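*Asks:* The residues making up each chain are set out below.
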Amino acid sequence: MIEATSTATQPRRAARPALEQGRLTWGGLVLMACAVLIYLFLYLPIAILVLFSFTRDQFGVRWTGFTLDWYTRLFANERLMGATVNTLYVALVSTIVATVLGTLLAMALERYRFRGRNSVDTLIYLPIVIPEIVMAVALLAFSALAFDLIRLLTGETLRRSLTTVIIGHIAFSVSFVVVVVRTSLKNFDRRLEEAAADLGANSWNIFWRVTFPLILPGIIGGALLAFTLSLDDFIISLFLSGPGTSLLPVEVYNKVRRAVTPEINAISTLMLALSITLVVLSQSVQRRQ
Amino acid sequence: MDNRSLIGLALALTLVLLAACGGGTASPGNEYGGGGAPQTTDMPAGGVDRNRLSRELYFYNWSDYINPELLAQFEAEYGVRVIVDTYDSNEDMIAKLRAGNSGYDLVVPSDYAVTIMAAEKLAASLDKNLLPNLVHLDPDLLNQPFDPDNAISAPYFYGITGIAYNVKSFPEGIDTWSAVFDTSAIAAYRGKLSMLDDERETPGAALRYLGHSLNETDPAILRQVEELLIAQKPYLAAYNSADVNRKLASEEYVIAHAWSGSALQARNGLEGEFAGNPDIRFVIPEEGGMIWMDNLVVVANSPGSYTAHVFINFLLDPEVAARNAEWTGYLTPNQDALPLLSEDLQALYAEGFAPDDEVRQRLEWAVRNEQTAVFTDLWTVVKGR
Amino acid sequence: MTLNALERERQRRERRTLAALLTPGLLWLILFFALPLVIILVYSFMTNGPRGNIVWQFTLGNYVDLFTRSIYFNAYLRSIWISVLTTVICLVLGYPLALFIVRQPPRWRTVLLFLVLIPFWTNFLVRIYAWQIILANNGLINSALRSLGLPPLTLLNTEGATLLGLVYGELPFMVLPIYAALDRFDFTLMEAAADLGASKRRAFWRVMLPMTMPGVAAGSVLVFIPTIGQFVVSELLGGAKVDYLGNLIQRLFLRSNPPNWPLGSAMAMAMMLVLLALILIYFRTTTEEDR
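Protein chains in written order, with my numbering: chain R, 1 to 289; chain S, 1 to 385; chain E, 1 to 291.
Watch out, some of these pointers could steer you wrong.
Taking CB as the label site, the calculated pair distances span [to be verified]:
1) E:Asp195 - R:Trp26: 37 to 43 Å
2) S:Arg50 - E:Leu27: 46 to 52 Å
3) R:Tyr39 - E:Leu85: 19 to 25 Å
4) S:Glu271 - E:Thr68: 33 to 39 Å
5) R:Asp189 - E:Leu85: 53 to 59 Å
6) R:Leu40 - E:Trp205: 56 to 62 Å
7) R:Gly155 - S:Arg81: 55 to 61 Å
8) S:Glu271 - R:Thr122: 38 to 44 Å
9) R:Trp63 - E:Ala192: 52 to 58 Å
10) E:Ile281 - S:Ile230: 47 to 53 Å
11) E:Trp205 - R:Asp189: 20 to 26 Å
12) E:Thr68 - R:Leu192: 54 to 60 Å
13) S:Arg81 - E:Leu27: 37 to 43 Å
14) R:Tyr39 - E:Asp195: 29 to 35 Å
These are computed hints drawn from the structure, not numbers from a lab. In this text the structure is predicted, and so the values were computed from the model without any measurement. Glycine is no exception: its CB is placed at the ideal position from the N, C-alpha and C atoms.
So that you can see chain R by itself, here it is in the shape it has in the complex (with noise of 0.2 Å):
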């Protein structure tokens, strides 16, 4: 999907090979050993976390021989196995919503001056200044009164469930989506757009040729750190999740923080290999188009 972007603004950067190989020699050498040592940083306790899935020590600390046995056990572990489901739809479902909010908003706070901007500024900054734990109380303070006065009105009793979990990890993934949005519009050159109204297309046209594949990479990079937090937030999951809908990261916390199993790391190799495969599918059926 980004590679589409990049052909579209491929023509400014015809001159960059010759750029390169003359910078082949040392600062992008210097710069791949930089970028080398990083990815292996990154990827250092990953290996372990997957190493230690196969291990058949009972702590999941050292290696002391190969077993599928964690896998076994994980499948056979129906509340882990629900709540990585219900994880994956949480993640998916607020991730599809923020980042449509999220570009939406970024296009009207760039491109637009209005009265009252300042203000809407300052309230997509609150949800990324916010303490989680914050967050989550006032969430859970809200849906109680939600609750009360939807009860009041129509008299139907609602609970907390996936739902509410939902709601609330759009509320802060929206502002990381405008944020990362934004900077894609700031450099952004509105000749471009000009242009294209000058030969005529319409407004929805200009935004679905012009606009929207020149600030993909934004729109991308602002729903992979939607998709992101999503996973990996516990605390908003936990006060706002309904009871037997648990959530990956609130089973994880609570693992953690008493004894974390192979099982666990079995699960999070298990994730890894299909976000691994999702990637190199979506690419390849690029390449082929």
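Once you've looked at the hints, dock chains S and E against the given chain R.
*Replies:* Just chains S and E, lined up with the frame of chain R:
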């Protein structure tokens, strides 16, 4: 210019969002029943009216605090699926109940939290006619000040707080709190010592070491406690009340301020989670330690109140309680369950993992009232250095 | 139609588009963020009850406590300090990484970007836990040292370990916005600078860095802020020995007896206001330069 489609899209989106907020309706089976008044039922002891059982029971419990086999057994016997969610502190749980509509039927507050639940009307009265198995409980542990007539709570597990250590590092044994507070002694195991991350437990231990009640709030004495804890801090690996069990077992720590249950788990291992370490010992130092108890409480207005009673009675059955105690490592208040415990566990109890009559004299309950709120400040000062 | 009418028509259309862009997101934020926040604001002026319940009695005491007692103030300073360190380290690591990625052929760029993110799709706590395995007394590093006959090091439960965990956890939040900014950066400008006789270093400081400043600013904000409110890393890697602001707030809400939601709320409010002011000033200034 075709702005209309853009507006249409935005409107549609808004509608979808609003519709999404309307979701999450409670299933009709979970409508609220009567108030929190005690339900008195004339039921032959042990008889269970299956028609009154709900299909599911929502149990909000500490993690690793029930033998999962018992849940399966209860479902097999009564056809009720027990859905367990876990929490990490009494305050987590109370916050959720306070907000209302929690959906939980049964919770496990510690002693002081029972008082809070009673005062906030978060608990339903227990119908003792439905709990014939109450007779099996140790009378010493019933009618505690936090719930004088056991009107709302039934003891689930209790525990004591002392020192767990690795006998390889302390072949002489340990019998005093100076083993964790005397800086000349603890320098030898710097970085392998942990204290509980708890604003009452750790100052409480220091208070007992200094010869005071762990409920002492005299400012001058608390100043001494503060100094003691700050002096101790550089030698600590961590303040840890989470995975002390595992870190003792893996010998990451050689000595730790710990609950008897987690010390026992370090010794025996936790089934399916980690292996035990035979060198782990537990002691209540001669200066004394803390005793506390977790209790089964039915949530006010719970739709599954009857089912919750049946489940409590099931857990109070001596044979069930024994199997639960074997699995969790915590101490059962069920005196008729004690003879049913495995010989191994009974031997461990005798070794010090459970209090005998002599040790009981040295145990003290933590009182929580407006005066003891000063411990929050004390703890903040200690953590601030 | 007069020109004037046309202009008015254009303005009306623009207003409608703006409304369409703003409404859904704003509605969501107001309903599910601003309103709940008002509750916390109200709490911060209330009195704490003996059982940690909210007593509906107005007081300024929480704010007074906050600004007059050094134990709270120190937690602020400590949190700000570690957040600054984390942000700077993330920037120093993140910028070269983003630059490296952007300079690869498009096909590789996507892959490399995903490689930065993939570790973050495993649970945060599990990753932090993996660091425990690496750094512990009997952990991987110390086992390796021991087998080489070297003395073991105390790595876990130190402030260094906390810092490491924070950098590890926040790095992608720095890389993504910088990448987005670099992606829009016209690299031919660097050539132009070189043609004009500027050294590479000079070209970087004078051209590339200023032009990618929005990304750097966004990344810094995304890293700095969550770090201030964190409490898990200092608990799991720092041994819970030192309180940061997040630990304090978390404890006031969920661990102390009785909990003190009003004070915790006031603490959060004060922190948010200060941070917000900083962010808005920062963004205002960078935006001015930008245009």
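*Asks:* Does each hint fit the structure? Answer for all of them.
*Replies:* Tested hints:
1. E:Asp195 - R:Trp26: 37 to 43 Å: Because 19 Å falls outside the window, the suggested range is violated.
2. S:Arg50 - E:Leu27: 46 to 52 Å: holds (49 Å)
3. R:Tyr39 - E:Leu85: 19 to 25 Å: holds (22 Å)
4. S:Glu271 - E:Thr68: 33 to 39 Å: Violated: the Cβ-Cβ distance is about 52 Å, outside 33 to 39 Å.
5. R:Asp189 - E:Leu85: 53 to 59 Å: Distance hint for Asp189 (chain R), Leu85 (chain E) is violated at roughly 37 Å.
6. R:Leu40 - E:Trp205: 56 to 62 Å: Since Leu40 (chain R) and Trp205 (chain E) have Cβ atoms about 28 Å apart, the given range 56 to 62 Å is violated.
7. R:Gly155 - S:Arg81: 55 to 61 Å: Violated - the Cβ-Cβ distance for Gly155 (chain R) and Arg81 (chain S), about 28 Å, lies outside 55 to 61 Å.
8. S:Glu271 - R:Thr122: 38 to 44 Å: 53 Å Cβ-Cβ, so the 38 to 44 Å window is violated.
9. R:Trp63 - E:Ala192: 52 to 58 Å: holds (55 Å)
10. E:Ile281 - S:Ile230: 47 to 53 Å: Between Ile281 (chain E) and Ile230 (chain S), where Cβ atoms are some 38 Å apart, the hint is violated.
11. E:Trp205 - R:Asp189: 20 to 26 Å: holds (24 Å)
12. E:Thr68 - R:Leu192: 54 to 60 Å: Holds, at about 56 Å.
13. S:Arg81 - E:Leu27: 37 to 43 Å: holds (39 Å)
14. R:Tyr39 - E:Asp195: 29 to 35 Å: Holds, since Tyr39 (chain R) and Asp195 (chain E) (Cβ atoms, about 34 Å apart) stay within the stated range.
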